[in-house]
Each structure stands twice: as structure tokens, then as C-alpha cells.
Amino acid sequence: MLDVLILAVIAGFIFTKLFKTLGKVEDGDETRTNEIIKNFKKRQSGEDNAEAEINIASAFEASMSQKVRDTFDKARKIDPKFNAEKFLNGAKQAFEVIVKAYVGGDKPTLQQLLSRDVFSSFAREIERRNEAKEVHENTLIRFKECEITDAELNGNILTISVKFISEQINLIKDHLGNIITGDPSKIQTIQDAWIFAKHLKGNTSIWELVETKII
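Following this note's numbering, the numbering of the sequence shown begins with 1083 at its first residue and continues without gaps.
Keep in mind that the hints were calculated from the coordinates and are not lab data. It cannot be assumed that every hint is accurate.
As the list claims (entries may be wrong) - Straight-line Cα separation of at most 25 Å, DSS-like style, residue types lysine-lysine; simulated pairs:
#	residue 1	residue 2
1	1215	1255
2	1268	1245
3	1163	1149
4	1295	1226
5	1174	1189
6	1149	1168
7	1168	1156
8	1189	1215
9	1156	1283
10	1255	1268
11	1163	1283
12	1245	1168
13	1295	1268
14	1174	1283
15	1295	1168
16	1226	1174
17	1255	1295
18	1268	1226
19	1156	1245
20	1174	1295
21	1189	1268
22	1156	1174
Based on the provided sequences and hints, a complete structural model is requested.
Here is the structure:
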């Protein structure tokens, strides 16, 4: 997802089933990360009062495919608080937090947001990077596009596919700070397809990232 080396690694996550500056932790970053995770949970838990305002035929959902709209209608019969627009806003924040945590090797944060299989794959790459004494630096410039592309409801489990098109700068450095790969002056346009899942009647209020791939 990141530079050529990491693109290959993350693409490999799929075959194993598998959010502005990111990288080194700056003062206040941990507090901001925790707040984003807390807010992401609130969006789907009912703690946010605005969540109770259901507008099934919203203009936001009207632009989606019939399949996705039908899936969301069925999902609301199980969880009336579900709101696709609020979900997507939360997914963008989750993207930022997950990329930051991956780059910084923050496994506790990743465990809160990733499925077991995806976390295992991310953790293995973090460990490989640490053993090689490599430092990954990432700057997320902006999102060019963020849209829901698909949704499926299997029993009480709702999965939503999201396409992210973002502009990023990615560098891999050695322990002395020398650049191994990447160019600090080169902005990459990266397209990711992430799939989030949630048990609509489960005890947890958070959505898990269950699959990632480069598109």
C-alpha cells in the first residue's frame, strides 16, 4: 500500500487471508488516536444522539447501487441505528489510524481495529521491519476519493467494501536515517480496497477491518 516494497508485502496479505503526518509518534498523537477510535465506536453504538435519526432514502445512499441499498435496508431491520454516511466518515478516520499504527508499529491499536487474520499479517510485517531495523515514514496528504462499493449481509454480519484513493508520501529508512526506498518529493496516488465487518447484534460496537488489497 505504501512504497514498492511495502506494496508487495501488503498485497501478499490477501493471499494469506488476510489516517497530516504519520510515522514517528509526536506529542499528542496517542491522545488523538484514542479519541478517533472512541468516536468511531460511538458512530455505530448509539452513543451519538444523531445516530438515531434514520433517513433510509437519503441522497447519500441514493447514489449507490441497488444491491448496496437493498443490503442496507435489510441491515436496518436488524440495527435501526445503522447510517451509511456516518459509517463512511468513520471508515476514513479508521483508515488514518490504521495506517498510522501500522507505520508506527502500534500493535495494541491495530488489535482494536483489525480482524485476527489481518492483525497477524500486519504484526508479522512489523516484526520483520523491526528485525531489519527499518523505519517506515508515511505522510497522508489527502483523500481524493472515498466510497462504498459493495455490501453484503450474511445472517447478522454486515460487511462493507470501501474504496480509498489517497495521496501519500512513503519512505523506508535504515536505522541511521538513510532512505532505502521512496522519494520525499514524490506524492503517490494509491488506491486501496478495504472490507469492514460488524456483527449487528454483537456485543462490540466497533467495525473490524477484515481484508485489504491494492487496486
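What are the numbers of the hints the structure violates, in ascending order? Number 21 only.
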